[in-house]
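Asker: Sequence:
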Amino acid sequence: SDLLEAERLNNEHAALVDEPVFISEFVQGVSEQFLDYEGGINIERPEEDREFYLDRLRFRLLITNLLNNAIRHGESNPITVRLEYRGDRAVLEVIDQGEGIPEEHLGQITEPFYRADSSRQRNTGGFGLGLYLCRLIAQAHGGELMIRSKSGGGTHITVNLPSHPPDSKSASAV
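Take the sequence shown: its position 172, counted from the start at 1, is 172 in this note's numbering, and no numbers get skipped.
Some clues are possibly wrong.
As the list claims (entries may be wrong) - FRET-style restraints, in silico, Cβ to Cβ: (1) Pro46 / His105: 12 to 22 Å; (2) Glu51 / Gln139: 36 to 46 Å; (3) Asp88 / Glu25: 10 to 20 Å; (4) Gly152 / Arg56: 31 to 41 Å; (5) Lys150 / Ser76: 12 to 22 Å; (6) Pro20 / Ser151: 38 to 48 Å; (7) Glu44 / Ser151: 24 to 34 Å; (8) Ser151 / Glu38: 16 to 26 Å; (9) Arg50 / Ser76: 28 to 38 Å; (10) Glu51 / Glu103: 32 to 42 Å; (11) Pro102 / Arg50: 30 to 40 Å; (12) Thr64 / Phe22: 10 to 20 Å; (13) Gly152 / Asp88: 31 to 41 Å; (14) Glu104 / Glu25: 14 to 24 Å.
Quick caveat, the hints were computed from the structure, so don't treat them as lab data. Bear in mind that the values here come from a model prediction, so they are computed numbers and not experimental data. We treat Cβ as the ideally placed atom computed from N, Cα and C, and that holds for glycine.
Using the sequences and the hints, build the whole thing.
Answerer: Take a look at the structure:
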């Protein structure tokens, strides 16, 4: 469950099962599972693929959670999934044109069980763990998750990852 996974990742001794992954192809493969979304998914990625050391299952969970959120709150508008390289880092962006997140909630939206509007839970499901889990996954890989959004203006989530997770969190260090 997401709650158990969050607890594992929140433990400072959590081990990633990091392995070489061709990240551009991986992002494409996971994103293509959502191509039946009525608003459409635009996947932008570099032709050049690079190897990054990632926990494949957890990185898949991160992408899946971000896309599920974008679809859930995207109001049937197009979603963009963009991957680019900046130096030795990968920058993954998921951009929707949906309802957005009110500014006063941005500071707490990646906290466990936090929902910007509890009444949305009845309509959209979920328990407020998705973005929290995404933040933990990014941090476990030595990266960060950033959210820009405004009410009625869509949401732009950026995940910035190094090519290798820090040794202290990698399975090879255990």
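Asker: Now tell me, hint by hint, if it's right for this structure.
Answerer: Structure-based check of each hint:
The given range of 12 to 22 Å is broken by Pro46 and His105, whose C-beta atoms sit roughly 33 Å from each other. Evaluation of the 36 to 46 Å hint for Glu51 and Gln139 yields a failure: the beta carbon distance comes to about 21 Å. Distance hint check for Asp88 and Glu25: the Cβ-Cβ separation is about 18 Å, which falls inside the suggested range of 10 to 20 Å. A hinted range of 31 to 41 Å holds for the C-beta pair Gly152 and Arg56, which are about 36 Å apart.
In this structure, Lys150 and Ser76 meet the distance hint of 12 to 22 Å, their C-beta atoms being roughly 19 Å apart. Separation of Pro20 from Ser151 is about 41 Å and conforms to the stated range, judged on CB atoms against 38 to 48 Å. Judged by the Cβ atoms, the range 24 to 34 Å given for Glu44 and Ser151 holds: they are separated by roughly 26 Å. Range check, Ser151 to Glu38: about 23 Å between beta-carbon atoms, so the 16 to 26 Å window is met.
Take Arg50 and Ser76: their Cβ atoms lie about 33 Å apart, and the range 28 to 38 Å holds. A hinted range of 32 to 42 Å holds for the C-beta pair Glu51 and Glu103, which are about 38 Å apart. For the pair Pro102 and Arg50, the beta carbons lie near 37 Å from each other, so the given range of 30 to 40 Å is met. One distance hint, 10 to 20 Å for the beta-carbon pair Thr64 and Phe22, holds here, with the actual separation near 18 Å.
The given range of 31 to 41 Å is respected by Gly152 and Asp88, whose C-beta atoms sit roughly 37 Å from each other. Look at Glu104 against Glu25: about 39 Å separates their beta carbons, and that is not inside 14 to 24 Å.
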